[in-house]
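There are 2 protein chains.
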Amino acid sequence: MNIVLLNMEEAASGRLPVDDHRAKHILEVLGITLGGRFYIGVIGGKRGLATIQALDEKYISWSVEWVEEMQKSLPWVLLVGLPRPQTARKILQDVSSLGVQGIHFFVTEKGDPAYAQSSLWRDGEAEALLLKGAGQAFSTLVPSLAVHSSLTEAIVAVGKNAYGQETKVFLDIYEAEVALDAAVREASAALVAVGPERGWSEKERGLLRQHGYVGAHMGERVLRVETACVAAGAVVLAAMGVWKRHQL
Amino acid sequence: MNIVLLNMEEAASGRLPVDDHRAKHILEVLGITLGGRFYIGVIGGKRGLATIQALDEKYISWSVEWVEEMQKSLPWVLLVGLPRPQTARKILQDVSSLGVQGIHFFVTEKGDPAYAQSSLWRDGEAEALLLKGAGQAFSTLVPSLAVHSSLTEAIVAVGKNAYGQETKVFLDIYEAEVALDAAVREASAALVAVGPERGWSEKERGLLRQHGYVGAHMGERVLRVETACVAAGAVVLAAMGVWKRHQL
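If you're matching them up, the sequences are chains F and C in order. Following my numbering, the numbering of the first sequence begins with -13 at its first residue and continues without gaps. Following my numbering, the numbering of the second sequence begins with -13 at its first residue and continues without gaps.
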């Protein structure tokens, strides 16, 4: 955790109970005490530098110098065939760090629909991983998350929140027409669909093409789904020129 | 395992003991029996399609249709600050899948030198992960591996096997001069240095610059080391135009 993320109420209160997991992280992992400083952020909002002002048996309290400029969200959305839960955990955390706006998992024809019943999707575990990934990246911007019962449902849901001018690609090592970076070069936004471990069905490929998604590849090497999601996200951001536009 | 990797002797014999872990994978995980086919490769050599010709209590035997054309190795090398073993395991497997030619870990000033004593670096565990990553990617090309006691040692070792015209970059979110993709655009080969979890020391930055490495960034988001290695590898391959040259 590089930045401590709070909801608006917690941020307004300027304190956390000492037994909160974030308070414990500040005190025990970061080893910060009275007068010490740490990065703080409001989920979906501003970031700032906090200074611990008081510390007692019940609360840790701080003051904050807020940075007025809001962080920019990055213009990409991920659709991904529902993988086994352990793979989904890595994807949730890592693509959140990479600044994805939304992650849409969907049950695939060749995948196991039982994956959708995992405890990961209940009790906030998935959301906690998104927060962890954002916190790793010093970001307050937490991606939206949905689990759909089919690719069609995912495509329709993503289309409703579309940017209007996005480039749509799906990773397909077998039937790709173009390299991923060439497909999204200088695009203003990208929707990236990654298939399940066992690959796309013919019906799914047809659906994607019908909705304007273009098959793209990252060379001839078959990657694990979680590796492909990170690799594709980074390539898309680079090729769109996002890192040049958002200069440090 | 998408391709079963063998050494030259094993490949020449055309068989494996049934209790070998690859034989078990073929029979139990892939569920292939007499007459069934699977992809096979010689480590560092050719690939082919094998057909099981005999199966008894001791051996699984096959014939192979070899593909004469050798796979091309990808022109990048990774230097990475020695992380905790669990992180190193992910890096070994994933960047092997991404076709790196060599991985050079090195003990860093801000890192823990005890990481070099992990069992990971003995008894072939690291090498097994490299094989696993290559096998995932349908590749017979297994990266070289070295663990150095310092950054200087790593830079010297990498320099000895250099391509002659490589572009050298180090990831540095704080003092980067250029976006990673811009730094390696159309380069013929790239050496990519990734810092340890706690970042570069000033001395390490100086050493890198002295040896011609340019600071590069992937935006303003701080990534986990294993995420950064995958993201950087993919971006470098895309920006160098490797995926266009090696068209499917």
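No wet-lab data here; the hints were simulated from the structure. Misleading hints may appear alongside valid ones.
Copies of the same chain are indistinguishable here, so a pair counts whether it falls within one copy or spans any two.
[As the list claims (entries may be wrong)] Subject to a maximum C-alpha distance of 30 Å in a straight line, what follows is the list of computed DSS-like cross-link-like pairs (lysine-lysine):
id, residue 1, residue 2
1, LYS146, LYS44
2, LYS96, LYS189
3, LYS44, LYS58
4, LYS32, LYS230
5, LYS10, LYS189
6, LYS44, LYS230
7, LYS10, LYS230
Going down the list of hints, with the structure as the test:
1. LYS146 to LYS44: For LYS146 and LYS44, the Cα distance exceeds 30 Å both inside one copy (45 Å) and across copies (59 Å).
2. LYS96 to LYS189: Within one copy only: 11 Å inside a chain, 52 Å across chains, cut-off 30 Å.
3. LYS44 to LYS58: Answer is neither: 36 Å inside a copy and 62 Å across each miss the 30 Å cutoff.
4. LYS32 to LYS230: within (23 Å within a copy, 41 Å between copies)
5. LYS10 to LYS189: neither (50 Å within a copy, 33 Å between copies)
6. LYS44 to LYS230: neither (46 Å within a copy, 60 Å between copies)
7. LYS10 to LYS230: Neither. Shortest intra-copy (37 Å) and inter-copy (49 Å) distances fail the 30 Å Cα cut-off.
Hint compliance for this structure: hints 1, 3, 5, 6 and 7 are not met, and every other hint is.
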